[in-house]
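Peer 1: All chains, full assembly: derive it from the sequences and hints.
Residue numbers (this note's numbering), protein chains in the order written: chain A, 1 to 266; chain B, 1 to 229.
No wet-lab data here; the hints were simulated from the structure.
Since we're looking at a predicted model, the values are computed, not measured.
Treat the hints with caution; some may be incorrect.
As the list claims (entries may be wrong) - Which stretches of chain B does chain A cover? Using the computed rule of at least three CB atoms under 8 Å from a CB of chain A, they are:
(1) 3 to 14
(2) 102 to 114
(3) 131 to 137
As the list claims (entries may be wrong) - Chain B is faced by these chain A residues, among others (derived, beta-carbon under 10 Å):
(4) G13
(5) V35
(6) P56
As the list claims (entries may be wrong) - On the chain A side, residues computed to face chain B include the following (Cβ under 8 Å):
(7) W19
(8) V21
(9) F25
(10) P69
(11) I97
(12) E199
(13) T201
(14) G254
Built from N, CA and C at the ideal position, the CB exists for glycine as well.
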Amino acid sequence: MVIAKDIIVGILGLYALAWAVALAFMVFLALVLVVSRGRSDAVRGAFRRAVAAGAPEGAVHRAGRVGSPADTAGAISGLQSVDPGFDVTAFLDSARIAVGAYAMAHAAQDDRLLRRITTSSYWQTPNGKAVAAAVAEWRRYAGDRPGVTNHGRMVLDISWRQPEVKNVALGDQGMDRITVRLASVIAGAAGPGWQRTDEVTRFDWDFVRPAGQGTDPGAVLLPRTCADCGGPYRSDLDDACPYCHAARPDTQAGWRLDRMYLVVGP
Amino acid sequence: MLKLPFMILRVIPHVGGILRGEAATDSGARARSSGEELTPADDQAVVASALATLKSRDGGFDLTATTRGVVRAREVVDLARQAGDASAARQVMSDGLWRVFVLLLAERAAHGVRRQGTSVVVGAEVVAATRDRLAEQLRIRLACRGERREVTGVVLRGQYGQQRWDEDWIIRRSADATTPASGGVLSGRCPQCGAALRIEADGSCAYCRALVLAGGRDWVVWSIEEAPW
Chain A
1 MVIAKDIIVG ILGLYALAWA VALAFMVFLA LVLVVSRGRS DAVRGAFRRA
51 VAAGAPEGAV HRAGRVGSPA DTAGAISGLQ SVDPGFDVTA FLDSARIAVG
101 AYAMAHAAQD DRLLRRITTS SYWQTPNGKA VAAAVAEWRR YAGDRPGVTN
151 HGRMVLDISW RQPEVKNVAL GDQGMDRITV RLASVIAGAA GPGWQRTDEV
201 TRFDWDFVRP AGQGTDPGAV LLPRTCADCG GPYRSDLDDA CPYCHAARPD
251 TQAGWRLDRM YLVVGP
Chain B
1 MLKLPFMILR VIPHVGGILR GEAATDSGAR ARSSGEELTP ADDQAVVASA
51 LATLKSRDGG FDLTATTRGV VRAREVVDLA RQAGDASAAR QVMSDGLWRV
101 FVLLLAERAA HGVRRQGTSV VVGAEVVAAT RDRLAEQLRI RLACRGERRE
151 VTGVVLRGQY GQQRWDEDWI IRRSADATTP ASGGVLSGRC PQCGAALRIE
201 ADGSCAYCRA LVLAGGRDWV VWSIEEAPW
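Peer 2: See the structure below:
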């Protein structure tokens, strides 16, 4: 009888401890919100620096001046000398598709396009894992039906600000790598009541391809036509060719999104 | 309720990601003020000098015709938004911009979001003109007047009644591109063959098969930025 009582008291004690830890965690998160979304830019700056200092390798980049335009132009000229089909305007334009793909995965839990344009290692990065976790949580709720619309969240608009090529590295460990820095602006809304959930986040986006590969001007990031019949896809979300119904492969030639670093700083 | 503390505790392993995301992201009102506001206009003397340089390099460049083309592009995109049919905007947007536009319209359709209201452009001004070794870019600020709102049962953004607002339309082309004799994409002509612009679903001219909406040959609408609404 005494033992049973001790066990019950122990369970209740553990439960109370769980509540205490959970409440402390909630208070901590509330404090984070107050600090990071408060009016004081100085406090917010200190918070950002502390987070950047404590972040694991590969999660964040500190904000800072992007490399000199002359250096970047020189590096791109070097790339064009070995790949005459490469055009930086077309490349940046295609990089925008990655922003749209990320917005759909992050804000609407639809990761079909993001999976199509990323390397497998992307999903092992901190940001890739965060996206995968959010999508998995939604899938669990939605009954594991890929592509099903999340009727509780929507993306109203996706745009970007000030895209810049930050770094070009050719032949690094057998890969060509281009880093693009930009701010993605996602205007969204979430139910109930459709409150606005606008976000502006700066990222460095790393795109890679096997070293020495040439650019196909029609498929910088993602082919627009079916490899089997040549018919055009209607949307980058198409899972199959609308003409011959061949399944759209996820891994294709061209640049791939390999990493995204949150850019932390004022 | 019994499970609530354990549900909260499940979030703790993700606290690092939450903190990093919070540190790198502006949200709510701060997002609107820091990220969605239009980029401040450059000094007019700097803009005028850049336009003069552009004109000296490309004798065929006509700012009035270019601006008229951008205003026409805005009308086309507006109609496409209202109709929920991205194909109408295919021939005025850069390839990447259009492909994201397709995603957005699909997302709107899935949620039953409709764009309502009509508006006109009452003024246009180049507020930034830049050129580097790789590309030329013009930021054209359009002063708009009319109604705009997006609704799905409730008004998601915008409002009823006449308003005025600004939109930045950014056009871009490669640094070595020049204005085609036909007038080019913004005049509704293929910059490669000069035919009336008809774009295939793969982004090529229906006549000469050249990829004309990547910015390598001529101005394309490269980005659309709106002040918060």
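Peer 1: None of the hints should be skipped; say for each whether it holds.
Peer 2: So, going through the hints one by one against the coordinates:
Residues of the stretch 3 to 14 of chain B lying with their CB closer than 8 Å to a CB of chain A number 8, which satisfies the three-residue condition for coverage. For a cut-off of 8 Å, the count of residues in the stretch 102 to 114 of chain B with a CB near a CB of chain A stands at 9, and the three-residue condition holds. Counting residues of the stretch 131 to 137 of chain B whose CB lies closer than 8 Å to any CB of chain A gives 4, so the stated coverage by that chain holds, three being the minimum. At about 13 Å, the closest approach between the beta carbon of G13(A) and any beta carbon in chain B exceeds 10 Å, and the interface hint on this residue is violated.
Below 10 Å, beta-carbon pairs count as interface contacts, and V35(A) has one with chain B at about 9 Å; its hint therefore holds. Hint on P56(A) holds. Least Cβ distance to chain B is approximately 7 Å, under the 10 Å limit. Hint status for W19(A): holds, given a least beta-carbon distance of 5 Å to chain B, under 8 Å. At a threshold of 8 Å, the smallest CB-CB gap from V21(A) to chain B is about 6 Å, leaving the interface hint in force.
A least Cβ separation of about 6 Å between F25(A) and chain B falls short of the 8 Å threshold, and the interface hint therefore holds. With a cut of 8 Å, the hint placing P69(A) at the interface with chain B holds, because the nearest CB-to-CB distance is about 5 Å. At about 5 Å, the closest approach between the beta carbon of I97(A) and any beta carbon in chain B falls short of 8 Å, and the interface hint on this residue holds. Because the smallest distance between the Cβ of E199(A) and any Cβ of chain B comes to about 5 Å, under 8 Å, the interface hint for this residue holds.
For T201(A), the interface hint holds, the least distance from its beta-carbon to any beta-carbon of chain B being 4 Å, beneath 8 Å. With 8 Å as the threshold, the beta carbon of G254(A) stays out of range of chain B, its nearest partner Cβ sitting at about 13 Å, so the hint is violated.
Checked against the numbered hints above, the structure violates hints 4 and 14; every other hint is satisfied.
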